[in-house]
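Make one complex out of these two single chains by using the hints.
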Amino acid sequence: MLLINCPFCKERNETEFVYGGPVGVDRPDPNAVADQEWVDFLTLVPNPTGPVFEKWWHARGCGEWFVICRDTVTHEILESPDEKS
Amino acid sequence: MKNHRRLESGGRVDRSKRLNFSFNGRQYYGFEGDTLASALIANGVKVIARSFKYHRPRGIIGSGIEDPASLVELLDENASGNNLATTVILKDGLKAKSINCWPSVNFDFGSIIQYFPKLVPAGFYYKTFMWPNWHLFEPSIRKAAGLANAPQVPPKKGHFESRNAHTDVLVIGSGPAGLAASLTVAKTGVKVFLVDQNSEPGGNLLSSKLFINKQPAIAWVDDMVSELAKMDNVTHMQNSTAWAYREHNLIIVNEREVDNSSIIERSWRVRAKKVVIATGAIERALVFANNDRPGVMLASAVQTFVNRYAVKVGDNLVFFTNNDSVYSYIDDLENAGINILAIIDSRKKIPDQCLSRAKKIKVMANSILKNVNGYKQVRSINVQSLDTGKFETISCDLVAHSGGWNPAVHLHSQSRGSLKFNEKIAAFVPNKSIQNSINIGACNGTFALAEIFKETNQLMSKLSGEVKSESREDNFEVDEQHYSIEPLWSTDLSDEKEKAFFDIQNDVTYDDIQLALLEGYSNVEHVKRYTTGGMGFDQGKTGNINIIGAIAEQQGVGLDSVGTTTFRSPFTPVSFGSINGVRQGSVVLPFRHTPVTKWNLEKGAFMYEAGARWRRPGYFPKKEEGFQEAVNRECETVRYGVGVYDGSPLGKFELKGKDVGVFLDLIYTNIMSSLKPGAGRYGLMLSDDGLIFDDGVAFRIDENRWFISTSSGHSDAINQHMKKVLTFDRPDWDVKITNTTNQWNNATICGPLARQLLEKLSTNIDIDNEAFPFMTFREGMVAEIPARVIRVSFTGELSFEINVAPRNMLKLWEKIIEVGNEFKILPVGSEASHVLRVEKGFLSLGHEVDGTVDAYDLGMGWLMSKKKIDYIGKRSVNLRRGEKSKGRRELVGLLPHNPNEAIPEGAPITPKGKKVGTEGFTTACVWSVVNKRWVGLGLIEDGHSRHGEEACIRMKDRIIRAEITKPIFHDPDGKLLRS
Ligand SMILES: [Zn+2]
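Chains as they are written, first to last, in our numbering: chain A, 1 to 85; chain B, 1001 to 1979.
With a cut-off of at most 25 Å between alpha-carbon atoms, the simulated SDA-like pairs for lysine to any residue come out as follows:
1) K1273/B to H75/A
2) K1886/B to W38/A
3) K1723/B to L2/A
4) K1724/B to E14/A
5) K1868/B to D40/A
6) K1656/B to F66/A
7) K1724/B to N5/A
8) K1724/B to W65/A
9) K10/A to A1717/B
10) K10/A to D1168/B
11) K1656/B to A59/A
12) K1724/B to W38/A
13) K1724/B to M1/A
14) K1736/B to A59/A
15) K1274/B to N5/A
16) K1273/B to T72/A
17) K1723/B to C69/A
18) K1884/B to L44/A
19) K55/A to A1612/B
20) K1274/B to E79/A
21) K1723/B to V23/A
22) K1658/B to W65/A
23) K1432/B to C69/A
24) K1273/B to N5/A
25) K1420/B to G50/A
26) K1884/B to A32/A
27) K1868/B to W38/A
28) K1273/B to E14/A
29) K1724/B to P7/A
30) K1723/B to F66/A
31) K1868/B to A32/A
32) K1273/B to P7/A
33) K1724/B to P28/A
34) K1723/B to E11/A
35) K1274/B to L2/A
36) K1656/B to E64/A
37) K55/A to N1739/B
38) K1274/B to D71/A
39) K1867/B to V33/A
40) K1420/B to H75/A
In case anyone wonders, no lab produced these hints; they're calculated from the structure.
In isolation and in its complexed conformation, chain B is listed as follows (with noise of 0.2 Å):
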């Protein structure tokens, strides 16, 4: 196919570089410089898209990210969704498709909707479908309003890639006011971040022919780029949209064609001590039947298609406007050879500076677009002239409309600066900042060059003073500009049977907007989620003020009254991955590993997830052995003969000072400062309102030195709570904590033959156990390693742990298998110590711990000391209890009648079976290697009083019957773990 379209000289566009492309499967070419848009016009390509509900056929609308309608899928190597082609960079190769149509563009079965506009009236999903349940219509609706599938295909090579910044000052935009800001501050010697979202710098001056200092304006352009170029202190960056402006001046900017063919896109987080936002103006349209027919569009577009593009939009044109700028087009519009055909002009006087440039041109002042005529292509206009009330038809192709300029004050109102509506320009505009920014230019309701140039002077000699530098006078000779406007928030369409839209992208119309009015939607945020007008992803940008402006008007306030929703990040859409940048898979939380975690894997260990982030051995399972298998050859070991399990990954503090004794009374509910040297206890910590949080042990090493630890997934929590105990509520207690959790790795053995395999070991501690009984601990040496061992029991049976530093954890591990080995020893996973540690009742946090129940419910009342006033949590668990003793779900034990019958971890327990409201649950069940059968923990109610009862176990279609027990069910005196 041909450029047919593509103008003979002009534009930015390079034709010695042509560009291959496909668009819906055929082939077009287009050249460097091109978006996917102007080169689809210039190939004469009109219908792009289909709308959103009505399935109507869309053209162009807009040149840049304003542009409403023209949504494609991009396939093969670039796959992403969701693209508008105004913004997407034309590349060899590209291939791109139209979302929303089945089975084509040029005939899409869904446009049968339009001809029922009655079936879909806004507020339609609300109404519609409510009863069942909204779920049961989703996906049907989905596809029917659905935008681009998420690509089949990854996206090509690369990564996405995450970057933080400081900067001095975070200027937005590189159009004039950006251009002429970035330099002057950038002389001062500050730190300058440049960022625009444009593929070239320049904003609107790459659109219009404006003259600065009697040059072409983009020529002082390549000046002041290449000038910054020179600087240090200034990082420049073309396509990187600012998207979001977040706390204390950190502001998101988004980077694409990163100069790095790696990344696929790169997310800054910029932190600026000033911003500098110079986000421009973006054109609203005009509200008028059928105006989304392709070949209506905003003026501005045109202009930019002609001049930055080099493509010629049509043959035949009428401008509708309510606003000078487009007379200022009507030049190099006629030098491209478009032929203006008339100029409808909904004001009664039109300025003189006007009409002096459309000197050879019909204007038709207090006129209005009535109608377009045409399907997939403007044909025809009707005009009515309001002062006679006639009706006139123009021939025409093509309809370029302004309904005038709102300042781009998204980012501005993101950083929750307020606006105000400046009548003079008919926009809203920033009002007050309330961080460190300014507005300049255009999205300040600037928009004369000449006035551009002065106001940036003016604010960045002031910002210089605040970042200690002097300013300059910068002088640039400009065009004359002059813009007056009189609003036109819509045609009159009371009568009118076409559709007239507010929002484009949505197929919001005039009537689902005086629908939603009729309704007493008066709101202008309940307008918008009862119509979805300005949702989406262009988020209203050329259609949401005609909407506040309607509400306004039928409501007889200003549109200051009426207000603006909020607006939210993202300014444009983003990728997620993007967003995500390398946080993918292990990256996003690391896994934590001790110095085993390369044996276990070379042992062939399962490994698992053992809370905050560990890795450990689940289980060791020889080839061709099931889990249980594995698991009951792991128990038996423990039980039998002697296990080592790595419990490295407890949480560990040392405790210094000469309140420590005091404060661990404090946070334990039994007294620990009554310790000797050298001993420990078992402890519970509550928090204030009674609910426990932690369990673990500590240790007295001398008078002012303790050590304690937590269980593995809370020992953050455990830091965090102590400190802030001692930070805010005992300030004047002298404890001092260390978190030695990554200090002290440790070697558990344990089993009856335990102290023979340490003994073995070779250690110059007696551990004999009149000399070393349970709960204590020596320091001395273990296989010529310094260790510090601990006599603690999570399994019941003889246990040491051996807490050595990690640089030496590896080489004791390995020697305890050497001479384990004539034990027969086994490394013990963490399945294996569940089994142990329900065999001896002891409880596991989230298991049967799960923030309802209390000490006494878990048969642990003793650890409550009755003779300290106060520790933390007692009161709450005093008051409690005092409220409701009775009917609490207590600790129990559950042998299943069946011995070879498993109860399924969280199996709800309701009396008597029935299917009535549960008295309880499992909280665990094991296979017992001590009792050749299934044991469970569960809590249930009053269960201390109810031993030899039957609990009924509800199934979804069985009974477990299983008789009520202690919750113990192996060496229930405690024997083995002193022995």
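Bound-form chain A, shown alone (with noise of 0.2 Å):
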């Protein structure tokens, strides 16, 4: 179980998170790109090895999204991809 480091609450149990997923691409505009770049960014879902910037919700807490680099391999917790030793 990780220890998810909320910027408002500090460390706390997984269980109280909720995981939305790595941090892609930006919604596009929708009439401004074409189809399959629509497609592409609904299905088409980033999930790298290595440090990873993702969205957890803090559900049992204080109700805030926020954003954490995680290494998806050794699952440390790092400020930045940078630090990874």
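Set out below in structure tokens:
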């Protein structure tokens, strides 16, 4: 079970949080992109190994969304991907 | 029966505390300090179990968690399925029996299998039971290969419990390394947790007769333990197994023998800043023919039974080894009166230190134990000299073998730490730690006591720096110890007819491993799965490395390149009760109640769980009244009089900020921003993939304040969705969201008499239809309670949703019932409201909205704004409809030709009722009180253009024919709800 550092509540157990997926590309202007680009935005979710920025919701806590950088191999939670030794 | 194999003195058993117990129906006794295994040996019981596949008789092999054979079932108040006799603490009145044998352990019918070994080769199940279906064979195989049955009686009184703990340092293992480490760290003042699976601290020192500082080692252990006990910052628990190492240094510890008789077991979730793993090492077996006969034991187990439990395991012993450790047992065993006949050592050159300890004993170098004779008991062994090739037979009743020592790297490996093969000790040792943990002592490959203390001191001083304090220097003077090994993964069995086991628990033989390799399974994980070697409750603790060694030898590579199989939790078996803790029944997810729940129960309501754990009344049956009568009565009350419904579980949010209007326009499909204060609108929320997410209403309070309501089961998801959009997509928008689900309760009065009732309740709101029209809200007093009254309708009748603070809800409710008495008011349950909404064709998430339909399919295209350039879901709906707008399943009404025939909800509709693919299904069907017939809703292909046609609902044995209609059966123009 991860220990997730909520910027508002500090370190809390993973059970209090809801995973919201990796930070991907921003939602494109739906009127400005081609069909395929829109479908890609909805369906191509990055899932790399190593440090990844991802969204978490502190559902059983402050109720806020935030971003952490987590190494998907070691579960290490980093300040930024560069911190990785 | 007598304790005839108990030694006169010595050991850690208390001979003044006699404990009676029974095994397979026979009475025995042992002493406090015994395990079931040591007590059985003391009573001369040799056959404990029958093996998994071949039903061979099995005795006790190890002395602790490593034992692969001695599974027993505990009965009566200790009832528990599969327990190792070597880890069951003896108690007075304990009852146990063997498993895997029928009719008895001494005559087992299944043992006939062993005479037909070719019947059950490796991969047997995979090869044999492929066709037509594994499930056909499963029950009889389960019976043949079965473990114990689940207990027939519940466990003793009490409950399981879970606790969370936070500590600076968690030390796992209270052997010499763990104790020394704990004290060193504890003296710096940080918080220390020390856990150990054994009933007593001391680890290996409990079984050996070593000296520390010229004192027996056990005195040193006592000193350390009493010093730790004085410190407030130390929590020390024995009988506590760290069985799982999870992310971010979360270790799960199972505590047994809890110091509180009402707790059966306690599960600790320990979060530690630093973990010190000091889990010791586990002796591994040697592989030779009939190495599973009762009387063939691990050498360390023989020493433990003699020194710790004071039982004389046998009279005439032969050692078989490839390393030094057995030589240090010689004195202890001889002092106990055991006659050591020979030491068979597979090494050509045996170290002088070993030979000097065995001066009076026949040591046979470069020899192997070829075969064991005897069936339920060792009678003799055959030994072969590899120098001369000659055989010799030695009569004996005990074989003690040692294939070396495996550091217990399980937890390190679970933490994702890597391993490397250490040639010097011929074993895998920890390489790199991934989490904040270190390994010390035998689990790190350091076996000699002097080295263990040295290493512990070095590592602890480093660690102490990390936990902000200075270290201390301890110098322990200890006996000289030496260890060397030449690996012997298996004796040469190429022309051996008798079985030789790599994995005794799973009956995996030398032949099985050879067959797997021959058939091309070269990866160690595949060999494991194909042969089942290393599976089961012991997870191959004594045999796995031999399998890896055998693969390496066959492939001519090092063990490093073969690698190990993945070490998984649990390290040792854990009861489901402990994992579960107190989370049973309604405690798993507590029910949510409204202030009216108690009133509902008193009025005899039949309660349902109605999404998001809300407990709601389904209907209120009168005495001797069935379901349908009760529901009809409630429906008629709403249609022709007035009913009251507890709508408190509805999800409710208040939104504030200057951008709420545009925000609502983004998350709803229709336009909300144009609403005037006091007015509201029904709306649909989609997700960006175009699917319907929720429906609800939005009202504007003033320029910058709004409130919305959502379906009860979805309020959490809506909250998550709204905040996600605001945080990541529109961070610059000024919108604050407050979840007010629990701040507002409501009683909804509905029916043609609702206005008269509200008037009688007395209110200062002008409730005239002109002054307070449909889809508006007003604030004021109702029955002297501050209230927000909303004109929405989920029933199709004139309705007032009276929202009040929870503290006033019951008062309001009781007032409504009291004043409503003259209107013959009734409380309405969720069943009646389901009927009422189907009569009106109002959609319900989970019924008509199933993740494939869009608003157009539901006939609600008017809700999909054409004016807004963007809202969530718009692009995807248009994209999908552009691809395929024909052949979509659309919402229709279904009127069965026979008005008294109900269509089961979910029933499939096929073209002309043929046995072909479906063209739709029935989403709901209810008895309509206004139409006096069954009416249904369904989704059917191109339904909107098929009104008047016939739908054929295909049942198993018949076809129900129904007319396709508009999906509305009551007040199609909506005059009543606006009245
Ligand atoms: Zn938080």
